[in-house]
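Asker: Protein chains in written order, with this note's numbering: chain E, 1 to 356; chain F, 1 to 131.
Wrong hints could be hidden among the right ones.
Over 12 Å on every C-beta distance to chain E, these chain F residues come out as not near it, computed from the model [claimed, not checked]:
| # | residue |
| --- | --- |
| 1 | E22 |
| 2 | Q25 |
| 3 | D27 |
| 4 | K32 |
| 5 | V33 |
| 6 | E34 |
| 7 | V38 |
| 8 | I47 |
| 9 | Q79 |
| 10 | K82 |
| 11 | M103 |
| 12 | D106 |
| 13 | I111 |
| 14 | R121 |
| 15 | V124 |
| 16 | G129 |
In silico DSS-like pairs for lysine-lysine, Cα to Cα no more than 30 Å straight-line [claimed, not checked]:
| # | chain 1 | residue 1 | chain 2 | residue 2 |
| --- | --- | --- | --- | --- |
| 17 | F | K130 | E | K344 |
| 18 | E | K80 | E | K165 |
| 19 | E | K204 | E | K114 |
| 20 | F | K78 | E | K55 |
| 21 | F | K32 | F | K50 |
| 22 | E | K58 | F | K102 |
| 23 | E | K204 | E | K132 |
| 24 | F | K102 | E | K283 |
| 25 | E | K165 | F | K29 |
| 26 | F | K75 | E | K281 |
Calculated from the structure, these hints are not laboratory results.
The beta carbon of each residue, even a glycine, is placed where N, CA and C say it ideally should be.
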Amino acid sequence: MKRREFMKQVSIVAAGTILPMSVIEVAFADNPDGTKSGENFTFAVISDAHLQQIKGAKFVRNWDMGLKRAVAECNLMNPKPDFVLFGGDLAQLGKAAEIDHGAEILSALRSPVKMMMGEHDYYLDLGEHWMKRFGEPHYSFDHKGTHIVVLNSILVDEAWINKWKTPMERMQTMAGLDDPNGSPFMVGLAQREWLKKDLENIPKDTPIIVFSHSPLQKIYKGWNFWTDDAELVQDILKPFDKVNVIYAHVHQIQYNKIGNIAFNSVMSTAWPWPYPETYKKAKSYLPKLTVHMNRADPFFERDATGWQMIDVHSGRVDLHFLLPHNENRIVAYNEKTQQPEDVKYQTEQIPPQKHY
Amino acid sequence: MKKMTMYLYSLIFIAGAVHADEFTQQDLKLWKVEYESVVHKGRKVFIDPKLGTNTVTCNECHPNATNTHPETYPKFQKQLGKVATMAEMINWCIANPLEGKKMALDDPRMIALIAYITEERRGVTLEPGKH
Ligand SMILES: [Fe+2]
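Sequences and hints are given; from them, build the entire structure.
Answerer: This is the structure in structure tokens:
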């Protein structure tokens, strides 16, 4: 699909509905000799639904609505995304009921679905029910010339896992983003070894997309906008020409570039989070490149939540953020500056929201 | 200048000796302990799944009480159509995201919430009326 057509599709959907998700397009430029190195394609990311059981079959309405809208909007995309990645935190407290409820809502998607693990899915039963439903939490696959890796980046060390009286106490501690008794996430040695092996025979000019729930860079430890072994994972990815890391967990737009690695975050369908630097008592390191989102208006439930369509081209990704009650944003890879940039707001700050 | 300061100190010292209500170490400790216990209680309310009816907690959306802007109150809250105090906006968040019952403005839990939220914002310039 041509870029222009794609954009038209996106704006039609955005005008007709108020939904949060992210669409990502990966596109390939022609080689100098006229051949194509790979096909352009589009996929969607829906993430951080945080479905929260109240009691029995009763779930928090607001979070349910966010995920259902993203699924409905995503199904309206034409052409359909090649696949939809769910970015983790399907559940709020890791309960089987929450994971099953989420699986049911996601089953309405008309594109193949790939799953990633979030900490809210894991720390009750250490991922047992999630894995029963969705399989291994780390894997890789090839799609139209791009090598795609899904990591489970929310692991912590054994000592922390074993120090709680009950699994629910452990889960609740990890679920509190600002709980000082949490623990920093990591990919861990075993998975890093797996990743090295997985990439061993991949030619260095193959575009790579790595999905991780937590940022594979260090932004703010207090809220786990952080992966403890981020540099070690980056080292494994360094030899490749074009690496794109897409992460969830942060419920806000962030982007960055470190060496050959472009970083993009995706939105949550449930609720927005403030940028860590708005917490004045601690230092944080949001990449300078990121143009902040506007403050959310709580009187519009879906404000500052969203999802994304992503196009892949020349082995780089452009994220189209579908943001209800907010102007949609596009963070695209700028071939000239060799970094992800907001196509509209990179040089001027976003004016305050009109409805606020 | 130094002389002046010395003079002032001695004045204060004398005044202190004359009046019985000077602040003692015990006073300071009491204020601190009382204040901190209410801040602590406020944090507990802030993360209490039973505050509303749907198990949602304040810190799900406001980690470390961010985006609550206590320093901007009272201010014109366009959505409420009037100048409001932070307590009224807290009540709005209790009634809506938490689907709970609004509290009396002098409810000890409300006071505790305000104490916790304001403490997390310590050091930020007071700017009433600002969004
Ligand atoms: Fe998360």
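Asker: Can you name, in rising order, the numbers of the hints this structure does not satisfy?
Answerer: 8, 9, 14, 15, 18, 20, 23, 24 and 25
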